[in-house]
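Enquirer: Line by line, the protein sequences are chains A and B.
To convert, note that position 256 of the first sequence is 276 in the working numbering; the numbers rise steadily by one, no gaps.
To convert, note that position 244 of the second sequence is 264 in the working numbering; the numbers rise steadily by one, no gaps.
The set of hints was computed from the structure by calculation and includes no laboratory data.
Be a bit skeptical, because a hint or two may be false.
Chain B residues, not near chain A, derived (Cβ > 12 angstroms throughout) [stated by the list, open to error]: (1) G56; (2) E67; (3) G73; (4) F247; (5) P327; (6) R330; (7) D344; (8) A365.
A few chain B residues facing chain A, derived, Cβ under 10 angstroms [unchecked claim]: (9) T60; (10) R95; (11) F102; (12) M103; (13) N104; (14) E372.
Partial selection, computed: residues in chain B whose CB lies under 8 angstroms from chain A [unchecked claim]: (15) K62; (16) R87; (17) P88; (18) R92; (19) L96; (20) G98; (21) P317; (22) D331; (23) Y332; (24) Y336; (25) H339; (26) E345.
The beta-carbon is built from N, C-alpha and C at its ideal position, and this holds for glycine as well.
Protein chains: 2
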Amino acid sequence: MSGLTFDLIKSDGGARRGRLTTAHGVINTPAFMPVGTAATVKAMMPESVAATGAEIILGNTYHLMLRPGAERIERLGGLHQFMNWPGPILTDSGGFQVMSLTELRKLSEDGVTFRSHVDGSYHDLTPERSIDIQRMLDADITMAFDECTPYPVEEKDAAESMRLSMRWAGRSKEAFRERDGYGLFGINQGSTFEDLRAESAAALTAIGFDGYAIGGLAVGEGQGEMFRVLDFTTPLLPAKRPRYLMGVGKPEDLVGGVARGVDMFDCVLPTRSGRTSQAFTRRGTLNLRNARHTDDPRPLDEDCACPACRDYSRAYLSHLVRTDEILGLMLLTWHNLHYYQQLMATMRQAIEAGTFNDFSAAFAAEQAAGDIDPL
Amino acid sequence: MSGLTFDLIKSDGGARRGRLTTAHGVINTPAFMPVGTAATVKAMMPESVAATGAEIILGNTYHLMLRPGAERIERLGGLHQFMNWPGPILTDSGGFQVMSLTELRKLSEDGVTFRSHVDGSYHDLTPERSIDIQRMLDADITMAFDECTPYPVEEKDAAESMRLSMRWAGRSKEAFRERDGYGLFGINQGSTFEDLRAESAAALTAIGFDGYAIGGLAVGEGQGEMFRVLDFTTPLLPAKRPRYLMGVGKPEDLVGGVARGVDMFDCVLPTRSGRTSQAFTRRGTLNLRNARHTDDPRPLDEDCACPACRDYSRAYLSHLVRTDEILGLMLLTWHNLHYYQQLMATMRQAIEAGTFNDFSAAFAAEQAAGDIDPL
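With the rest of the complex left out, here is chain A (with noise of 0.2 angstroms):
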């Protein structure tokens, strides 16, 4: 089986160099994906989602099944088309967000009934549901649909829950439609429970997957804890396949996680702090609302080239920002997305060049040397 090729040029210590190929285009990776919630990535257009240099965004299947609906988006023919992106899209199965956005929702074995968050209406998720609407959005990457388990949780709940999506993760594979170019990932859990990641891990691999995800982290763990499940679980993937974390993360959450040999990243933390006034830059995070920065001549950050650093002063940024101008988000979420891309970029580089360690050393120092607002 294999819907998508992965390539893997290049490995530095746990760090991968690798390329995937879909029907809409090749991801370089170690990437990061831009989340595009309800089929935009905010405040920004398309175009400059990929000057950033992003090969590859996240749409999500339960925003969109409510808004504008997955028949909708079939008829208008499929989500790339839709909202303008020909490049290739990842769409989660919808699971996290009925879990964390709706209430009155019931569990079953079958999937999940819910009240969306929009009118109220009541809608199933199921496995074969979640995998229908994904093909229906003409994702080139399908997520299993799974259960996000809470944190903290008993390892006899986490276990459950993990067997739970295990099954669901094969129901999800029996749903899937082969096609070139089109592939299928599936979601290892377990909490932090080395023994049940190797189970989730040993379960998925017996169904065959083209790429597998780490759910049920980035969820109040911490860093250190989530590297310590990273440190085990990593290994117990396939190391032909791709690797993707889920929700992850900050800039040294994403240098950490490439370091374990994860491939894939998503977050909404580049587009959501751009609307909330914070940029991130190599020398640490800055809160625009901070009132040093209302006479400050300098741009965010000297040596980036987006726009938003090109053209424009932080008193500049300040006062958009202090007058809830658009286009203070906009630019924000530019540079945070080019941030985010650039780092990307850098380690690809990096471990291309077999000097990741360095890479991430010399990271570690200039964040610590930083030029950063309490938040």
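Knowing the structure of chain A, use the given hints to seat chain B on it.
Expert: Relative to the frame of chain A, chain B by itself:
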């Protein structure tokens, strides 16, 4: 005197085709000026504003003096550098906003004292202070400080208000520093009274300005009354100087204004409408919240070359506005500004070709045959 060069290239009936040269570039007239109230044309990158064809934008003295402050903008290199708009900028005098946005204002012969709508702080605005602020902003075109006459108004009160504005026009001229490429416009007042408009025109002409604005219209008098006032007012203004109809208007107002000899316009309508789900097209105004658009694969306007029409369906734009996505505001604002600039370009071509009457008739017919949503 003249810091600004205005070349009248062609006339066609009352319509005029001209070229206004400023320190920061040339403006082809008739021209529409997008409004960049707080040092940003809302929801637009400045290069996108330029891409629509805009050659000059407007900044608001009242907003900028409060946030971020004129002195701060001057320290940061002026408004062009601050907001990354290298082209010409016209600033208003602040008079209109003081009357429309503030409470507890006190009017005297000297000027206006008012409380900021932002933080309640007290400020003075006089002709001298307004002109000095506009100099600090580095406006290519400075507007004389005037009192905005309310509407409707008794002739006696309109006369008193107009005469105060004429005395302030003289003080504005005294306060203005002549520089090459920079100019000062006087503002004709007198409400809907022909004799007052004539008295005002004579007073302004005696002082001598680089251009002449028509103020106190588009304040509720209706299009018919506005056109009636224009019919007798524009002939009163010096033919060799540009004429600017302030705060106007809808597309049909622009066509009627150009027919009556107006060279410049500004209005928040295209940008504000873009933020309230409305799109101007050759065939009328669409409201993207209307249910009929949710499944419509067509663009807003098949013949429009803007990104919103080039890359997206009405269904997608409908989805964006229904989910309150920022990209919806961005795309509709872009489309509306593009439409306005295309309309101006078409009028300039028609005047050059001597076919303005034909254009005007065709425009009215196309709008009347329109695809219009109840708003």
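Enquirer: Now tell me, hint by hint, if it's right for this structure.
Expert: Hints versus structure:
no., hint, verdict
1, G56, "violated, 10 angstroms"
2, E67, "violated, 8 angstroms"
3, G73, "holds, 19 angstroms"
4, F247, "holds, 34 angstroms"
5, P327, "violated, 7 angstroms"
6, R330, "violated, 9 angstroms"
7, D344, "violated, 9 angstroms"
8, A365, "holds, 23 angstroms"
9, T60, "holds, 5 angstroms"
10, R95, "holds, 7 angstroms"
11, F102, "holds, 6 angstroms"
12, M103, "holds, 7 angstroms"
13, N104, "holds, 4 angstroms"
14, E372, "violated, 34 angstroms"
15, K62, "holds, 6 angstroms"
16, R87, "holds, 6 angstroms"
17, P88, "holds, 4 angstroms"
18, R92, "holds, 6 angstroms"
19, L96, "holds, 5 angstroms"
20, G98, "violated, 12 angstroms"
21, P317, "holds, 6 angstroms"
22, D331, "holds, 4 angstroms"
23, Y332, "holds, 6 angstroms"
24, Y336, "holds, 6 angstroms"
25, H339, "holds, 4 angstroms"
26, E345, "holds, 5 angstroms"
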